[in-house]
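2 protein chains.
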Amino acid sequence: MSSVKTDQRSTRMRMGELSERTGVPVATLKYYLREGLLHPGRALSKTQADYDDSHLERVRLVRALSEVGGLPLSAVRRVLEAISSPDVDRLGVLEAAQRALPGIRREGERGVADDSRAARWVTAHGWQVHPGDPTIADLDRAWDACEAVGLGLDEERMDAYAASVEEIAEVDVATVPQDREGAVRQVVLGTVLVDPVLMALRRLAHQHLSVSRAARQG
Amino acid sequence: MSSVKTDQRSTRMRMGELSERTGVPVATLKYYLREGLLHPGRALSKTQADYDDSHLERVRLVRALSEVGGLPLSAVRRVLEAISSPDVDRLGVLEAAQRALPGIRREGERGVADDSRAARWVTAHGWQVHPGDPTIADLDRAWDACEAVGLGLDEERMDAYAASVEEIAEVDVATVPQDREGAVRQVVLGTVLVDPVLMALRRLAHQHLSVSRAARQG
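Just so you know, the sequences run in chain order A and B.
The first sequence begins at 2 in the working numbering and counts up by one.
The second sequence begins at 2 in the working numbering and counts up by one.
No wet-lab data here; the hints were simulated from the structure.
Computed from a predicted model, the values in this text were never measured in an experiment.
Ideal Cβ positions, reconstructed from N, Cα and C, are used throughout, including at glycine.
One or more hints might be untrue.
[Unchecked claim] Partial chain A-side listing against chain B, Cβ under 8 Å, derived:
no. : residue
1   : E21
2   : W144
3   : V166
4   : L205
5   : S211
Put together the whole structure using the sequences plus the hints.
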């Protein structure tokens, strides 16, 4: 059971303990290894290896992105690449990390039209965004879907949403670290992993508002 | 080609036109029919039927929920049931519709602990939410995931997010219609379909803020 050995730098462990400490089944860990989502451990023999804190951290990251972020493993791989890519200059780091992201959630079709309703709205709203950015197409499609089912999402309501979302984005940006790697990591992970936090908060706020409304009416 | 007939109430069409007007392949429409996600058309013969505006609307709804909302068809079915359920009293309509939702995105495990960090935060924040609500467990897990990868999401930052999200929720609630069915529909669809709008806005706001920052620094 106790396969833990300690050296001066990191706790070493066998795969069974890595599984136990991350809650990820051994079969899944082996799959991550085969797929290159997890780097190999230190070989102890032809059939055995041990793992350290870097493996622990990586498994938690893959799990968070796939289970909480809801990303397919192909997208998890792209996020991991974006985090470790040296191919980004320091000033444009936030923008570049953002660019790596939009295509993540939905694979496949994403046409961008400059004269789409979303593109016109972004311009009118005064947001400085790269005109060809695929997120504009995402916004356009999401807006269309609301329209298609009659949700009545007009420009005025979009402006109201945007004002509150900009406050959220300011909190995000204020907490981005100065160093390049830390910044990329924070932006990429923060985008994917904070979305579920905000979605849960929105549902809870709906409940709070409707309960307090009902109490006032009752 | 022109199989459209008009009566006083609704445009009637064959399946080929239903497919053309919704952008959903005929094979998928047949699948929706088999799965009960789409109600049968009016039988014209043993092998032929025609469809009307109610089918058009339903197909657009199923498509919006599955493609933009990212819901699996089992969850789409639950949303459709929640929308048409008569089993909700008028005052509690918002809350009941909300309750139908949280389990949608992720099937399976969702333990709720009263003393979880999220539950304690909700109480401290003064939000009136049903203590056993599964969304609290969603929030707890999403928060844990941010923690696990070192995003530094503390109570203070959660409070800041919550304040902006509450503004968003107020916009949502202000636009909910008075009638029961309209309200359930708006809340259920608005929750699922506005999430992608807000996620896209957040990415665009990040870009806008980093571009304007970079411009100030350059």
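Going through the hints against the structure:
{"no.": "1", "hint": "E21", "in the structure": "violated (15 Å)"}
{"no.": "2", "hint": "W144", "in the structure": "holds (6 Å)"}
{"no.": "3", "hint": "V166", "in the structure": "holds (4 Å)"}
{"no.": "4", "hint": "L205", "in the structure": "holds (5 Å)"}
{"no.": "5", "hint": "S211", "in the structure": "holds (3 Å)"}
In terms of the numbered hints stated before, the structure departs from hint 1 and from no other.
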